[in-house]
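Protein chains in written order, with this note's numbering: chain A, 1 to 113; chain B, 114 to 225.
Hint data in this document are derived by calculation from the structure and do not stem from the laboratory.
Take the hints with a grain of salt, since some may be wrong.
Below are the BS3-like pairs computed for lysine-lysine, each with C-alpha atoms no more than 30 Å apart in a straight line [as the list claims (entries may be wrong)]:
(1) A:K68 x B:K184
(2) B:K170 x A:K105
(3) A:K105 x A:K55
(4) B:K184 x B:K122
(5) A:K68 x A:K108
(6) A:K53 x A:K108
(7) A:K68 x B:K170
(8) A:K112 x B:K170
(9) A:K105 x A:K54
(10) A:K68 x A:K54
(11) A:K108 x A:K54
(12) A:K108 x B:K184
(13) A:K54 x A:K112
(14) B:K170 x B:K122
(15) B:K127 x B:K170
Listed here are the chains, written in short residue letters.
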Amino acid sequence: KNEVEQSPQNLTAQEGEFITINCSYSVGISALHWLQQHPGGGIVSLFMLSSGKKKHGRLIATINIQEKHSSLHITASHPRDSAVYICAVRIGNYGGSQGNLIFGKGTKLSVKP
Amino acid sequence: NAGVTQTPKFQVLKTGQSMTLQCAQDMNHNSMYWYRQDPGMGLRLIYYSASEGTTDKGEVPNGYNVSRLNKREFSLRLESAAPSQTSVYFCASSLTGVQPQHFGDGTRLSIL
Numbered sequence: 001k002n003e004v005e006q007s008p009q010n011l012t013a014q015e016g017e018f019i020t021i022n023c024s025y026s027v028g029i030s031a032l033h034w035l036q037q038h039p040g041g042g043i044v045s046l047f048m049l050s051s052g053k054k055k056h057g058r059l060i061a062t063i064n065i066q067e068k069h070s071s072l073h074i075t076a077s078h079p080r081d082s083a084v085y086i087c088a089v090r091i092g093n094y095g096g097s098q099g100n101l102i103f104g105k106g107t108k109l110s111v112k113p
Numbered sequence: 114n115a116g117v118t119q120t121p122k123f124q125v126l127k128t129g130q131s132m133t134l135q136c137a138q139d140m141n142h143n144s145m146y147w148y149r150q151d152p153g154m155g156l157r158l159i160y161y162s163a164s165e166g167t168t169d170k171g172e173v174p175n176g177y178n179v180s181r182l183n184k185r186e187f188s189l190r191l192e193s194a195a196p197s198q199t200s201v202y203f204c205a206s207s208l209t210g211v212q213p214q215h216f217g218d219g220t221r222l223s224i225l
């Protein structure tokens with residue numbers, strides 16, 4: 001069973017388009033992370049949020065705890081945004097296996113010039 | 114500031130061989146993690162270390178051992194490699210268990 005589901009799996013966009021990637025989860029969580037995996041393989045953390053909305057540059061992450069859903073938005077997309085975007089959830093506080101992250105399979109984004 | 118450094122970046126092994134993947138962080142983080150990433154699957158936790166001197170199993174620990182050598186270093190050992198362990202391995206660290214994790218560049222491991 002997949003506790004973290006992302007959609008779409010693949011997304012192709014034209015430069016300048018507004019992009020939305022969705023993440024749904026089936027368990028109670030203490031935090032949700034969005035990460036970016038570059039084509040070369042490196043992974044960087046974009047956001048950690050437990051409520052509301054966060055913004056960094058052209059990236060916006062929102063979470064609705066009641067609906068168990070989060071979205072990652074990219075405004076004015078650019079080819080350099082091409083990457084795999086990964087959603088991960090933390091169940092409970094840190095301690096034993098309960099505090100670790102459960103990862104989605106990722107959404108592969110390709111932005112064409 | 115190097116962040117999280119993993120060595121080697123690539124490795125090919127034969128079934129039954131052993132090897133150790135090295136990971137070091139220079140951010141004074143307390144928590145460190147080893148993940149594997151397989152095609153079509155999300156990252157899966159192999160082992161983690163909440164603090165120096167402690168290690169715990171994650172989701173897929175079978176066939177692996179770890180050592181938290183000191184606060185900086187966390188190694189992953191395959192005692193008798195199997196083809197099912199062909200994967201990309203990532204080491205990560207975080208200041209505490211609830212802070213964002215910083216990842217190394219990964220080790221691509223193939224077992225023939």
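Going down the list of hints, with the structure as the test:
no. : hint            : verdict
1   : A:K68 x B:K184  : 36 Å, violated
2   : B:K170 x A:K105 : 21 Å, holds
3   : A:K105 x A:K55  : 23 Å, holds
4   : B:K184 x B:K122 : 22 Å, holds
5   : A:K68 x A:K108  : 22 Å, holds
6   : A:K53 x A:K108  : 23 Å, holds
7   : A:K68 x B:K170  : 27 Å, holds
8   : A:K112 x B:K170 : 42 Å, violated
9   : A:K105 x A:K54  : 22 Å, holds
10  : A:K68 x A:K54   : 17 Å, holds
11  : A:K108 x A:K54  : 22 Å, holds
12  : A:K108 x B:K184 : 35 Å, violated
13  : A:K54 x A:K112  : 26 Å, holds
14  : B:K170 x B:K122 : 24 Å, holds
15  : B:K127 x B:K170 : 25 Å, holds
Hints 1, 8 and 12, counting from the list given before, are not met by this structure.
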